[in-house]
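K.L.:
Under the working numbering, the first residue of the sequence shown carries the number 14, and numbering increases by one thereafter.
Calculated from the structure, these hints are not laboratory results.
If you're wondering where the values come from, they're calculated on a predicted model, not measured in any experiment.
It cannot be assumed that every hint is accurate.
[Stated by the list, open to error] With a straight-line cut-off of 27 Å between C-alpha atoms, the simulated BS3-like cross-links for lysine-lysine are:
id: 1; residue 1: Lys49; residue 2: Lys174
id: 2; residue 1: Lys448; residue 2: Lys104
id: 3; residue 1: Lys362; residue 2: Lys280
[As the list claims (entries may be wrong)] For each label pair, taking beta carbons as the anchor points, the in silico distance ranges come out as:
id: 4; residue 1: Thr550; residue 2: Ser116; range: 37 to 47 Å
id: 5; residue 1: Leu357; residue 2: Lys284; range: 21 to 31 Å
id: 6; residue 1: Ala460; residue 2: Thr550; range: 17 to 27 Å
id: 7; residue 1: Tyr503; residue 2: Asn437; range: 19 to 29 Å
id: 8; residue 1: Ser164; residue 2: Ala211; range: 53 to 63 Å
id: 9; residue 1: Leu28; residue 2: Ala211; range: 26 to 36 Å
id: 10; residue 1: Thr550; residue 2: Lys90; range: 20 to 30 Å
id: 11; residue 1: Leu28; residue 2: Lys284; range: 32 to 42 Å
Heads up, the beta-carbon is just placed ideally off N, CA and C, and yes, glycines get one too.
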Amino acid sequence: DARVASFFNGNEFYLFVYEVFRDVRLVGAPPSSIGKFGADTDNWMWPRHTGDFSMFRIYTDANGNPADYSKDNIPMKPKHHLPVSLNGYEKGDFAMIMGYPGSTDRYLTSWGVSLAIETSNPTIVKIREKKLAIMRQDMDANREVGIKYASKYAGISNYWKYFIGQTRGLKRLKVLEDKQKIEADFTQWVNTDPGRKAKYGNALSDIESAYKVFGEYTLQRWYFIESIVRGAEIMTLAQSFSSLGSELKADDPSDDKIARLIENLNKSVEKHFKNYNAPTDIKLLEAMLQMYYENVPVNQQPEAFRSQVAKFKGDFHKLASSFFAKSIFAEQARVNAFLAKPSLKVLEKDPAYSLMKTMIETYRENQKKMEEANDLVDRGNRLFVAGLRAMHPDQKFYPNANSTMRLTYGKILDYIPADAVHYNYYTTMKGIMEKEDPSNWEFVVPARLKELYEKKDFGRYGMNGEMPVAFLSTTDITGGNSGSPVLNGYGELIGIAFDGNWEAMSGDIAFEPDLQRTISVDIRYVMFIVDKYAGATNIIKELTIAPKIRVKPDAEVKAVSAPAGVELTH
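Input sequences plus hints: build the corresponding full structure.
P.N.:
Following this line, the structure appears as structure tokens:
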């Protein structure tokens, strides 16, 4: 497989060639009471006690080549595999991570930061807060609903919490002011030379002009995404039928394609209604449509939608109830009946399907109005980043994350998040027992795990009578790094990265070494769960355990500084 990736905002392009192994099988994973211990409450937080890991095995053909699944495939035999270290770590020890971070925006300008702080983030938080409140009310009132919606709630809560933290971090660290200072210095540097002015002179003005346009459509964009596309499930289910609708409407519909679409839709419908509660979804539809109506500029809303609201005299409860009374997507039996005898006429008259269709069309029309602004900001950002690098020719810059492999290094370290607060650099099972709450599914401790703790039966994985669980490092990760190996100075596995700390949620925009930490599960806890909790000694026997006695490497990770606006590799 091959992929061309853009670096430094379109200033450089590189070709990546991958060997893709398709036969990947699950070996094992801990129960959710271990793997998701702390759930929403502890998400992004430290101290952390989550055993977040899973194990997979790659299979190849007999010659070690990638292959589709076959019972004849054999486990992959790599040229090298990581030895597992049970030796632990100390404060200040070297740590590094290799992985595939998804995306960062470290060269975002002040206009982008301002839009995030003032509009985008608060809008996302506001909508998700409403969704969470509705879901939580029904989940607390009905245990069955609580089980059905637990995963959905966690998914919405994840980035609700993230954007709250990011906004606080951006304000606390004065990122907007820092960006404005960088831009002022850049402008001064550009204006002192006619050649620079000719080349880079329009970079920031182009970006500013583009963000003025973005500002006009930001509310429409996020209300469409969060309240319509990710809002009530009746709407998302209706949207999933768009491909079938297009094929039914085609001049020469393909019976084979329609049959395949129906087969796939039958599966997704079954999955959809398995964890669905219509009364909850009615409340969500009512709230989401009302929020969209009241917050999106009138001239950016579909006329058909506003006509529907007028028809019901602004009563969104009646509007939502009408949808559920008439839409085929409100009940599984109705959807199944439709799929047994699909009809374009029925689909296009369906209130959920037709509203979703007109919402998408309106969104796309508004997006077209931003095409020129998108071109402006792309060109401006490309010139701005190129100019920053030219402005500091002796400094090393690193590109934003873009899902290509990256290496980050740092050290095991504690941190001080606020006045009079100090967080240690590791946690132990003692903290699990301190957090235990049998009445709260987030903090239920499995009986077997509790028994092992009470007996202090940690095997060779314990440390000074305790069982380490998680640790912190100053490494730089983001979404996409979950599951990345954390290595010590010998190239041995000491942990698995899975999260960042809440105080540094602004890290995708501005890296703050004093606050930003990677949260990783200790490999000794992973081994303890596999061996002592699950009794999977067969897996342990397959692993290479690093030597116990080591001479500590004579190396030190030193902090480096850079002029304002320059991001150093780290």
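K.L.:
Which earlier hints turn out false for this structure, listed by number in ascending order?
P.N.:
Per hint list: zero violations.
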